[in-house]
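Given chain E, work out where chain D should sit, using these hints.
These protein sequence lines map, in sequence, to chains E and D.
So in numbering that gives the first Met the number 0, spot 423 of the first sequence is number 422, and the numbers just go up one at a time.
So in numbering that gives the first Met the number 0, spot 255 of the second sequence is number 254, and the numbers just go up one at a time.
Treat the hints as calculated values from the structure; they're not laboratory data.
If you're wondering where the values come from, they're calculated on a predicted model, not measured in any experiment.
Fair warning: there could be bad hints in the mix.
Label pairs and their computed distance ranges (CB to CB) [said to hold, decoys possible]:
no., chain 1, residue 1, chain 2, residue 2, range
1, E, Arg-915, D, Gly-31, 37 to 45 Å
2, E, Glu-185, D, Val-412, 22 to 30 Å
3, D, Arg-272, E, Ala-69, 35 to 43 Å
4, E, Glu-185, D, Pro-61, 30 to 38 Å
5, E, Ala-660, D, Gln-408, 56 to 64 Å
6, D, Asn-451, E, Glu-185, 47 to 55 Å
7, E, Arg-241, D, Asn-451, 47 to 55 Å
Away from chain E, derived, C-beta distances all over 12 Å, residues of chain D [to be verified]:
no., residue
8, Arg-9
9, Arg-27
10, Thr-172
11, Arg-298
12, Ala-411
13, Thr-434
Every residue gets a Cβ at the ideal spot worked out from N, C-alpha and C, and that includes glycine.
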Amino acid sequence: MGYAELHCLTNFSFLRGASHPEELVARAAALGYGALAITDECSLAGVVRAHEAAKEAGLKLIVGCELHLAEGDHLVLLARDREGYAALCRLVTRGRRAAPKGRYHLARADLDGVFRCLALWIPPRDPSAAMEPGWFAGRFAGGGWLAHEPARDGLDGERLERLQRLGRRHGLPLVAAGNVCMHVPERRPLKDLLTAIRHRTTVERLGYRALRNGERHLRSLEALRDLHPPELLEASLEIARRCTFSLDELAYEYPDDLTPAGITPAAFLRELVEAGKARRWPRGCPEKVAEQIERELALIAELEYEPYFLTVWDLVRFARERGILCQGRGSAANSAVCYCLGITEVDPARMELLFERFLSKERNEPPDIDVDFEHERREEVIQYVYGKYGRHRAALAATVITYRPRSALRDAARALGFTLQEVERLARAASGWRSRGAVEAQWLAEVGFDLRGRRMRLLLRLANELLGFPRHLSQHVGGFVIARDTLERLVPVENAAMAGRTVIQWDKDDLESLGLMKVDVLGLGMLSAIRRALDLLGMKLREIPPEDPGTYEMIQRADTLGVFQVESRAQISMLPRLKPRNFYDLVVEVAIVRPGPIQGEMVHPYLRRRQGLEPVEYPSEAVRRVLERTLGVPIFQEQVIRLAVVAAGFTPGEADQLRRAMAAWRRRGGLEHWERRLKAGMTERGYSTGFADRIFRQILGFGEYGFPESHAASFALLVYVSAWIKCHHPGVFLTALLNSQPMGFYAPAQLVRDAREHGVEVRPVEVNCSAWETTLEGEAVRLGLHLVKGLSRKGAERLVTARRAGSFRTVDELARRAGLDRRDLEALAAADALASLGHHRHRARWEVAAVVPEPPLVAQAPPVEVDPALPSPGEAESILHDYRSLGLSLRRHPLALLRAELAREDFLSSAEVARRPPGAVVRVAGLVLVRQRPGKGNAVFVTLEDETGVLNLIVWRSLAERQRPVLLRASLLGAWAEIQRVEGVQHLVVRRLCDRSWLLGELEVKSRDFH
Amino acid sequence: MHWLAWYFPRLPLACFAVAPEQPFAVSRSEGGRDRIDRCNEAARTLGVRAGMALAEALALAPGLAVRPRDRRREGRLLEALGGWAWRYSSHVTFDPLLVLLEVEGSLRLFGGFERLVARMERELPEAGRPASWAAAPTPAAAALLARVAPGTRVEHREALAQRLDAVPLHRFTRNRRWLELMRGIGLATIGDCLALPRPELARRLGHEPGLLLDRLLGRLPDPRPLWQPPEQFRQRLLLSCEIDRVEALRFPARRLVELLCAFLRGRDGAAQRLRWRLFHREAPATCFETGLLEPTRERGRMLELLRHRLERLVLPAPVVEVELEVTQWHPFRTEPGDLFGAGEGGDDLLLERLRARLGEEAVRGVALCPDHRPERAWRFCAPLDGEGEEVPPDPSARQQPLWLLPRPQPLAVRRGRPCHRGPLRLQPFLQRVETGWWEGEEAARDYYRAVNPAGERFWVYRERGSGAWFLHGVFD
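One chain only, chain E, in its complex shape (with noise of 0.2 Å):
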């Protein structure tokens, strides 16, 4: 006698389910289940999981969700066909939407659209109380079921008989259900656990609301036999036989809008891409790429993909009407048909594509094309998707959140009782770079934990169980699918917690899987900088010269601070060292300074053979057209997989899902096979074990961070294209940047800084020169009124609009004119922009003190007032003013004041320590700019500014572990550390750290950290 589980919750019932779907799935297929359903609260965000897990399990998936009615009835619903999946996705749909963010709600009402589902009626829990399954007969007739659920809590027999003499009484079957809610009876403390923290108690006061018994876990057969009757059991079966439907049939319907009537799409297409070859080309496209455009017409054509890249070409063409600046990447947008389109800007004729990547027939998944949109106008772009396509037809990827050490912590130790105090040390614990991976044992002892207890052990294992357990749904930054008719046929939306938006219950990868089309809406702060530049240089994109000699020197130097990508500090090291000279090696920088090729110990060779240190060498003829390019060291993902083709003798169908594994092997592992494989391949082939050995480590560093070389190429056009305009226009650079922040690295305070260095005069904020935004004036930058803290955009456009009618003279006289209010005043005074009216800042900030909100009705004369004596700023105060009111100073670096004091401690400049030889060991200070913990986490890295420049430290894991408080806290540290130098680049290698942020007082540093 089998059995299929027709009521079964997974943890995307946030904080009911006590384990994953994959498990669920994977332990029914164990038992020999029949069928599976995967009924979650209201939710179907985790049957594609659950669907992929039963397909290589070969166990049967039902999908369907449990429901409580508004009227008290408790429920569950089963897809039968197709029809009835899209009759559930709008029921959900409608549950969710009605209510907010993570609630549901629905009345009997509601389900009156539901057909071809089939339904258990699950009775409550006290087999004494009330039943009324009458509503629920008289709906259901013919595909109802009363759920017999035992529960081993005594009340067994007594539940049965009253079910039975229910069931006689309506005329409803009785059918077999477990009520589950975890794989095995082993996640009892964890199921206890989430009720707990769902209630925000703990596990000790949870009362009746802790399980009773393990018993709601997938059951032997044997136990399901001793509990049910067989004819329940048959009856699950039966039902199981009913439901036919499965998500491999969602076949998704590309957006048919934007074919002109008349014309087939393949041939609008192609329209389009002819007439973009003849704007690309004007004096005749290359015959190589003619013949790549027909290479991927035909592919694309065969796939029937023409709306996917319709529907992104009608993104971009939007964006170009309104002056939005965008750029395409992904593996399907470096494609001479993306070119065409002017999806990119990459020339196919100067880089070799790799066509297996652009679209793949044994591959069953959607073409990717992520665009990058000008960040301040993404919104422009998602509000065009919206109001196209309608939200029924466009809603946003969902991200699931899941649970991380710190949240796991946080919540499972207040949950266990944990008192506040112990909860914070406890999060705290997990602060910082500890927020992947395992919770360890040490960091518990660390902040001063006896690991002994019974309690910590608990607190150990459950937080553990409980990382990766979904959290919630959130939305996808920007990821968007988009239907043919209607959504809600496809998968259930549900609300944002942003107003107005909504969100689909999948997230990217269940999109992937299941090979639905996505388009991803991104925002990228460069492109708002660079489309500013361009404005202000009166300038297009396609204008800035190529291959400038100056931008190269400029970049070798590696003088590149808020340069797009190559201001990081990884980079910044990197560039002396590889010298660009030409696109393709911008192209490389981007792709080799990532954790994928640092730790595939790919940079080196690389580097050494690019310095001709190192022959070049290549085991065959092969190998040497996949990695001639890159001098034999595969950089790109592309490579690995042409590599696996021609070295190993895989499809490129077959490569691509080496791609896939690699992605995901650092989550869950599984490379093993593919190790195999390759290896047996390449010596097949002829290739020595020590080779095959090293493409393979290469792999596995990879992992999750290799960059494709297309998606290296849009990078690296931005690259040029910011450095361009840093190397010529260093004025314009900064009034684009300071405009377009927050992005990159760097604060204003450091851009304002190096482009004072640079030579560009920068002019402070003045209420009778400022504009709202920053501005040029000649080639000298003046401030906006932007940077004022405090500052209302409204009262600053107001200024702005009144000074067209002639200078402001006094206080009062700029509040009537602009219309502005004492709050907006005091930001200007604090802000020392009011200089011009001849006021220090003091005095400033005395004259608006005295400025009535409301101005008075007859225009009089304001009262002779007596001038109190008042102090004139020094110094030290008003750079502290500066930083607090601006986040930056035109004034000395606050570190200049500093000096006498620092050097009585011996504490050297960067200066200084740029003059003392490699492995002296010094003692540094500086404000905290950026802390960073790159990839395996051996070390964190520092950034520290004093008057006379920037000053990398290297912080060892061990050290950076005892030291942590110090680390992470102080806004001004001081290190004693050793100096390193090597091919012009300096590092400090510290070996012991202070805190000196005492010495700054009240002065507010912002350092980025971790990001």
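Structure of chain D alone, referenced to chain E:
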């Protein structure tokens, strides 16, 4: 007018009973972040300082106990100290953390200023220590000086301005606009402020600053409400860490008794029945009374009696808070009142009598607890405790006998069958209980109904781990 101000800087800490060796601090929330407000000596030696971020302090001193500042409690404690001050002046008033008393009239009575201060210092209850004082012709000045210049005495109004000239303004006021303006114009002290032209200042900040300054210097009257001590004494002390040993309760109890005695001295009264309540995190409060043969206000006797009572006390759970209440007090040195006097409810009266006859421990109440383990689904409690609270019983309880054995009794097994006065016949498997993992000793049992040859019906279970049988209850 001569105002004496007493400032109790550690009062926010004193609301919590903390052993001196325990590093302890109170925190306040500032701009969304928790900061250390004040800490004790033990914490200070570990480097904890006022103003530090809570996270930072915990990093320095992982064993630091922290409580958020509780201003309501501080107010109550301050009022208890008012009871102490009441003896020396009938004009007592409060500022946060300060007791102010007008002493001009009391000076002669207590033999001059120095003697008065010395005496007050001597009689100051522990909860108020350490304290600093200052005296000045205005209450505001006395209060300010007690904080910034302890031990100062300014006798004449004319000398005030000069004495207060260099005091930073932020010690005097928390008016943000005022402070921000002063900072914005580069000025900092009360003297700076006094030097500013008054109409111009008023134009910028309204009249409040001027008013406050004038009151401070006695240029304007500063009317203060007259405080009347409460008729009843009730004080609570929150423990910084949970106490599970009865002896450890003596320290907080002593503090409370001291406050009570100060209260009684202020009212010239004496108390006969002290009602104690020990609050637990997980269990209902433990309540008891210590009754004296005759009213007293002697600390030693009260504590002695409490010590005896505590010796017999068994704590059901660690104590987190202690309360002492005296609802009735008597004029000092009068005849003892009637113990069983009228005015109390019938149940209470009956209880008192039963307890008097049978002993306090012999009278107990029963309450339901929501727990799947039958033996934990109920408990003894203080009589009438939790009266009116409803814990809905679990439907599974219907299958259970009313009578449970005090503890499950192991059953012998013969020929594979558990026996109790003969081999037991088991009825079908009833229920499984698996719970309590969080307590370490997890229950994992399968319960059955069973009948022995004599027809007696039992409730037995088999431990899922060991397979051993136990008798847990008897059906009547």
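How the hints compare with the structure:
1. As the Cβ distance of E/Arg-915 to D/Gly-31 is approximately 43 Å, the hint placing it in 37 to 45 Å holds.
2. In this structure the hint that E/Glu-185 and D/Val-412 lie 22 to 30 Å apart at CB holds, the actual value being about 28 Å.
3. Checked against the hint of 35 to 43 Å, the pair D/Arg-272 and E/Ala-69 fails, with Cβ atoms roughly 55 Å apart.
4. With their beta carbons about 33 Å apart, E/Glu-185 and D/Pro-61 fall inside the hinted range of 30 to 38 Å.
5. At roughly 60 Å, the beta carbons of E/Ala-660 and D/Gln-408 sit within the given window of 56 to 64 Å.
6. With their beta carbons about 36 Å apart, D/Asn-451 and E/Glu-185 fall outside the hinted range of 47 to 55 Å.
7. Take E/Arg-241 and D/Asn-451: their Cβ atoms lie about 50 Å apart, and the range 47 to 55 Å holds.
8. For D/Arg-9, the non-interface assignment is confirmed: its Cβ lies about 20 Å from the closest Cβ of chain E, beyond the 12 Å cut-off.
9. In this structure D/Arg-27 is separated from chain E by more than 12 Å, as the shortest Cβ-Cβ distance comes to about 15 Å.
10. The claim that D/Thr-172 is not at the interface with chain E holds, since no C-beta of that chain comes within 12 Å of its own (minimum 16 Å).
11. Chain E leaves D/Arg-298 outside its interface by the beta-carbon criterion, the shortest separation being 33 Å against a cut-off of 12 Å.
12. The beta carbon of D/Ala-411 sits about 25 Å from the closest Cβ of chain E, which is more than 12 Å, so the claim that it is off the interface holds.
13. At roughly 6 Å, the least C-beta separation between D/Thr-434 and chain E is not larger than 12 Å, which violates its mark as non-interface.
Checked against the numbered hints given earlier, the structure breaks hints 3, 6 and 13 and satisfies all the rest.
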